[in-house]
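These protein sequences, in sequence, are chains C and X. Note that my numbering has the first sequence beginning at 1, numbered continuously upward. Note that my numbering has the second sequence beginning at 1, numbered continuously upward.
Honestly, I wouldn't trust all of these hints.
List of simulated lysine-lysine pairs, DSS-like, C-alpha gap at most 25 Å [to be verified]:
hint, chain 1, residue 1, chain 2, residue 2
1, C, Lys66, C, Lys9
2, C, Lys16, X, Lys164
3, X, Lys131, C, Lys23
4, C, Lys51, X, Lys51
5, C, Lys51, X, Lys164
6, X, Lys164, C, Lys91
7, C, Lys23, X, Lys51
8, X, Lys9, C, Lys16
9, X, Lys164, X, Lys135
10, X, Lys131, X, Lys169
11, X, Lys169, X, Lys135
12, X, Lys16, C, Lys91
13, X, Lys169, C, Lys66
14, C, Lys9, X, Lys135
Simulated from the structure, these hints should not be mistaken for laboratory data.
Below are the chains, spelled out letter by letter.
2 protein chains.
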Amino acid sequence: MQYPEPIAKLIDSYTKLPGIGAKTASRLAFYTLGMDQEDVRDFASALATVKDSITFCDICGNITTKDENPCAICSDPSRDQSIVLVLQNPKDVMAMEQTGEYHGLYHVLNGVISPSSGTGPEDINLPALIKRLSKDEAIQEVIVGTNANTDGEATAMYLARLLKPANIKVTRLATGLAVGADIDYADQLTLIKSIEGRNEL
Amino acid sequence: MQYPEPIAKLIDSYTKLPGIGAKTASRLAFYTLGMDQEDVRDFASALATVKDSITFCDICGNITTKDENPCAICSDPSRDQSIVLVLQNPKDVMAMEQTGEYHGLYHVLNGVISPSSGTGPEDINLPALIKRLSKDEAIQEVIVGTNANTDGEATAMYLARLLKPANIKVTRLATGLAVGADIDYADQLTLIKSIEGRNEL
Numbered sequence: 001m002q003y004p005e006p007i008a009k010l011i012d013s014y015t016k017l018p019g020i021g022a023k024t025a026s027r028l029a030f031y032t033l034g035m036d037q038e039d040v041r042d043f044a045s046a047l048a049t050v051k052d053s054i055t056f057c058d059i060c061g062n063i064t065t066k067d068e069n070p071c072a073i074c075s076d077p078s079r080d081q082s083i084v085l086v087l088q089n090p091k092d093v094m095a096m097e098q099t100g101e102y103h104g105l106y107h108v109l110n111g112v113i114s115p116s117s118g119t120g121p122e123d124i125n126l127p128a129l130i131k132r133l134s135k136d137e138a139i140q141e142v143i144v145g146t147n148a149n150t151d152g153e154a155t156a157m158y159l160a161r162l163l164k165p166a167n168i169k170v171t172r173l174a175t176g177l178a179v180g181a182d183i184d185y186a187d188q189l190t191l192i193k194s195i196e197g198r199n200e201l
Numbered sequence: 001m002q003y004p005e006p007i008a009k010l011i012d013s014y015t016k017l018p019g020i021g022a023k024t025a026s027r028l029a030f031y032t033l034g035m036d037q038e039d040v041r042d043f044a045s046a047l048a049t050v051k052d053s054i055t056f057c058d059i060c061g062n063i064t065t066k067d068e069n070p071c072a073i074c075s076d077p078s079r080d081q082s083i084v085l086v087l088q089n090p091k092d093v094m095a096m097e098q099t100g101e102y103h104g105l106y107h108v109l110n111g112v113i114s115p116s117s118g119t120g121p122e123d124i125n126l127p128a129l130i131k132r133l134s135k136d137e138a139i140q141e142v143i144v145g146t147n148a149n150t151d152g153e154a155t156a157m158y159l160a161r162l163l164k165p166a167n168i169k170v171t172r173l174a175t176g177l178a179v180g181a182d183i184d185y186a187d188q189l190t191l192i193k194s195i196e197g198r199n200e201l
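Excised from the complex, chain C in its bound form (with noise of 0.2 Å):
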C-alpha cells in the first residue's frame, strides 16, 4: 500500500532536505495537511518564487533579490568603504550583521578552500575578491572571517599571502575563550589560542 500519490509527493520532497529522514517527512506532510491553507499557499510560492528572485550580490558576492544588485550592504554610502570583512556564507554575514558592531562591507566566498574536499580558490568566489581590491582602491583593510577550523584556516593563510605583497592590510578574527565559556570545558586548541593571543589589562 502506498499513500496516495499528492502526500507521498509531497513525503519525497521533505526526504530531500538535509537531516529528514522517511519518518520525520510524512510526519512534516501529514503536519502540512493539517496547516492553515494560507500558510501552506504562502509555504508552497516562497518555495517557487526563492529560486528566481534571489541571486548573488555583483559586488560582494552575498544573496541579494534580482531588483536590488549591488546589494543593500554594498549600496550604502554610509557603511565604511575602507574595510572588507570575508566571510564564507551569507549566514555569517546575518550573524555579523545582528551584532551592530561591524560597520564596513562584506565579500563573501560562498565555500571555503579545502584540500581535503578538492575545492580550490576557483572555486569560490575569490577571484572576484582580488579584483574587486585591485580596482577598489578605498579599501585598506581586509579582515578574514572564515571559520575557525582547518579549511577556514587554510583559506585564510591564503588570503594573507596573497594579498600581502598588494600592501593592504590583512587581518584575522580573534580565537580564544566563547564568551561566557568554561575553562575546563573548552578544548586544548581553543586555551593554547586563548594564551598566545592573551591581551593586556
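Add chain X to chain C, keeping to what the hints say.
Same frame as chain C, but now just chain X:
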C-alpha cells in the same frame, strides 16, 4: 539587517513546521536555494496541491484523493468485510498495511479521546464509526488499534462499552506493543504479534 524577502519568507514557512526552529529553518532555506530547480518546483507544487487533492474517505476516514472516494481499501471487495481495525491516524494504517498480515477493513479516528486535552468522542471520527456499524451488518468484529498509552486505552474502553450491547465483538491489539509506544514507530514483527494476540474486551 534582514535576509532578502524571498529567503525570509521561506525561512518563516519552514519555522512553522513542527520541531524546526529558526536556525534549522535558515539552514533548510539556504539548502533549498542550492537544490535542483526541478526538485524545488516539485516541492512547491506538492505543497500547493496537497490540501486541495487530499480528502478523508467517506466510509473509513482514512486519507484518500478526491478522485477516489471511498478509498482504495474500502472499495476493495477482496478485503475481509467482517472485521474493522480502528486506528488513530492514516500513518497507523500505513504501518499496518506494511505488515501484510491484516486483510480486513479500517476505521481511522483521526484523533483519540483525550480527557486531559479536552478531546471527546464527538471531536474525532467516532460517531461515523457507530453509524457505520449500525448500517453495515457484515461487520462482526471491531479491533481497537489505538496507541498503547493512556488516551489510546481510554478510547478503547469507551468503544468497548459502547459496542458490546450491540453484540459486536470488540477486541484490542495484544500487549506485544511496548507500553507508551506509538504504532507507527513499532517494528513489523511487534505489529504482527499484536494482531495475532488480540484479546476480547
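So, going through the hints one by one against the coordinates:
Distance hint between Lys66 of chain C and Lys9 of chain C is unfulfilled; the C-alpha atoms sit about 30 Å from each other, more than 25 Å. For the hint linking Lys16 of chain C to Lys164 of chain X, the alpha-carbon distance of about 47 Å lies beyond 25 Å, and the restraint is violated. Simply put, Lys131 of chain X and Lys23 of chain C have alpha-carbon atoms about 33 Å apart, too far for the 25 Å limit, and the pair is violated. Of the pairs offered as hints, the one joining Lys51 of chain C and Lys51 of chain X holds, with about 23 Å between alpha carbons and a cut-off of 25 Å not exceeded.
Our distance criterion of 25 Å between C-alpha atoms is broken by Lys51 of chain C and Lys164 of chain X, whose separation comes to about 59 Å. Annotation: proposed proximity of Lys164 of chain X to Lys91 of chain C is violated, straight-line Cα distance about 61 Å (limit 25 Å). Distance check on the hinted pair: Lys23 of chain C and Lys51 of chain X sit about 20 Å apart at the alpha-carbon level, within 25 Å; holds. This hinted pair checks out: Lys9 of chain X and Lys16 of chain C have alpha carbons roughly 20 Å apart, not beyond 25 Å.
Between the alpha carbons of Lys164 of chain X and Lys135 of chain X the distance comes to roughly 16 Å, so the proposed pair stays at or under 25 Å and holds. Between Lys131 of chain X and Lys169 of chain X the CA atoms are separated by roughly 16 Å; this keeps the pair inside 25 Å, and the hint holds. About 16 Å separates the Cα atoms of Lys169 of chain X and Lys135 of chain X, which keeps this hinted pair within 25 Å; it holds. A C-alpha spacing of about 20 Å is found between Lys16 of chain X and Lys91 of chain C, which places the hinted pair at or below 25 Å, so the restraint holds.
Among the hinted pairs, Lys169 of chain X with Lys66 of chain C is inconsistent with the structure: their alpha-carbon atoms are about 66 Å apart, more than 25 Å. The hinted pair formed by Lys9 of chain C and Lys135 of chain X fails the criterion: a straight-line CA distance of about 36 Å is larger than 25 Å.
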